[in-house]
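Asker: Chain residues, written in single-letter form:
Protein chains: 2
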Amino acid sequence: MVDFSAAGSAHPRPQTVPEDDPHIGEVSEGRVLRTILTRTPDGVFSLLGPGDDAAVVAAPSASVVATTDTLVEGPDFRAAWSGGYDLGWKAAAVNLADIAAMGARPTALLVALAVPKDRRLSFVAALADGFRDACDALAPGCAVVGGDLTVSATLMIAVTALGDLEGRAAITRSGAREGDDVALAGEMGRAAHGLSVLFRRFHPEGVAIPVDPAVLDEGEADAISAQLRPVPPIGLGPVAAIFGATAMMDVSDGLALDAGRMADASGVTIALDRAALGAHPHRALAGGEDHALLATFPPGDLPPGFRRIGSVVPRIPDAPVTCDGEPVGPLGWDPYRDAGADAR
Amino acid sequence: MVDFSAAGSAHPRPQTVPEDDPHIGEVSEGRVLRTILTRTPDGVFSLLGPGDDAAVVAAPSASVVATTDTLVEGPDFRAAWSGGYDLGWKAAAVNLADIAAMGARPTALLVALAVPKDRRLSFVAALADGFRDACDALAPGCAVVGGDLTVSATLMIAVTALGDLEGRAAITRSGAREGDDVALAGEMGRAAHGLSVLFRRFHPEGVAIPVDPAVLDEGEADAISAQLRPVPPIGLGPVAAIFGATAMMDVSDGLALDAGRMADASGVTIALDRAALGAHPHRALAGGEDHALLATFPPGDLPPGFRRIGSVVPRIPDAPVTCDGEPVGPLGWDPYRDAGADAR
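Here the protein sequences come in this chain order: F and W. When we follow UniProt numbering, the leftmost residue of the first sequence carries the number 1, and every step to the right adds one. When we follow UniProt numbering, the leftmost residue of the second sequence carries the number 1, and every step to the right adds one.
Hints may be right or wrong, so weigh each one.
The list cannot tell twin chains apart, which means a pair is met if one copy fits it or any two copies do.
To be verified - Below, computed lysine to any residue pairings styled on SDA-like, alpha-carbon distance capped at 25 Å:
1. K117 - R78
2. K117 - P75
3. K117 - G305
4. K117 - F199
5. K117 - L37
6. K117 - A169
7. K117 - T38
8. K117 - E166
9. K117 - A80
10. K117 - R31
11. K117 - S196
12. K117 - A153
13. K117 - P330
14. K117 - T154
15. K117 - R39
16. K117 - L149
17. K117 - A265
Hints in this document: simulated from the structure, not taken from any laboratory.
In isolation and in its complexed conformation, chain F is listed as follows:
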């Protein structure tokens, strides 16, 4: 029996719209904000929460790690597949992963929403639930501290995540050294597989999933879940830093493309072992949106949660990444070039 909740949203979708669920265009900004804020309690780093011109967040290391990433309807998601809860979860997760990839602990999220007037208030409520639950599950102590709301013809969720290095140096992409182990924590290619299942089985403009779970096998259901509600290993970012990671980044555009970026930044070649890339090496190399953590470590023991997938070798001209010694060509995706491409 396939677990139905793994395929679609764990957050129940109302079958009928309650009478008190107005369109966003019909209610005041204040009511929308209250709907969000009642669902997103302060985190332990919030010194001053929402309600003023700006929030104040603790920065114990006297520095703050900051990143921003946006989900836009069309290039980044389809409304037929992603409910509000899914979108809140994913928008949080992808930003938390960027903080973790620096070796930092996430402390706060700021959320800028641009919402079409004809969306329901319950959609925004579900978004807020998704943000809260993703923080609680992936980065306890982190919370939504501020936001902004505007109307737009296109649904857009721009999130900024903040984090603290806990006194450590930031782990950049440029520190990989010859002889280091290359290791990964998290999924490889599963989110991209989930997207391909969605495109193949459910027309993007068609019926919202969950539809009939009987049509999905278990691997497909898991893959769809990885696409809609990714679970990157946020807590392992600081662990990797403590274990002496020399370089780290999150894999958002596929292992081939992102390992190439790390190799270029470090002036080395990353030599991957095909046998370590799982049952579907091409998916692992080309598939984006898993938000796994790719890191290099001095040879020896790896931190818990990381598995060895290759090693760092001296730079091979025109071959930033190899797989079993063969250069890996341009795989992965450039979200700009491929935006909206149904073929991906």
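Given the structure of chain F, go ahead and fit chain W onto it with the hints provided.
Answerer: Relative to the frame of chain F, chain W by itself:
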């Protein structure tokens, strides 16, 4: 002679599109990012700039002030009136004002751009120039430390600003006390006047301004400039805090609405003097987007740049704001309710 540059963009708009100015949809994300980054040098607070998963920004006070605000084409601006430079400047300025309103010094901006495919690369370059110049002019030392880029049917600029309290407590909206002076630094109603001039004289879908400066009188040109490229008194936020401000906020939705918010948060009534509101008191009360700083101070000397506009009195039921003793009704705008309303 009207100063032409004050009405339209100070940044020259190309009359013809150069051959090497491709559409955004035709170039790689990397090229767009390089176009931006070559125009936005690191600031003094940037410990690690763009190019990694996240930036690292100094937070000397061991806390960080953070806010986010978005400009969306349609509700927030018209492409016919605002060039890329104007939009970059304004998106920076409105966020810097929220940091200043807490009594903090801005340290960094993160910029999430969602850009239609048919926009030119030069548009994004002008945006970056606007961000840089606004930081340099309004908050020296602050810089763009990170960003995100995606394609979207709707142009959207979501900015997060960070700031440092320099060891002081944050100035909230809730600290106004009976007997305090109410003071303001910056413009009152000029940006809204500029918007009304634009709506009246230049159809939003029509010819881009600058058109014929001869049709504008000097006050109108200044008002349009205040709307397109506001110059809020960012540096006076920390000054107000040093001078003992008891409450502070930025006036983005008009003095009546925002003073009412401060009054509600503080449990007082703000009693304004009409004579202190300039030649157009209604504009001052109702007009948004000036991003002036509204602050309360213990009675006595005001800091440089602030002028007295009223006093804090005990709460009058149902009258958070009065003007010459008369309750001020609901004025100002709710950007949600009024989005796209040409009548504003």
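Asker: Hints broken by the structure, by number, lowest first?
Answerer: 3, 6, 8 and 17
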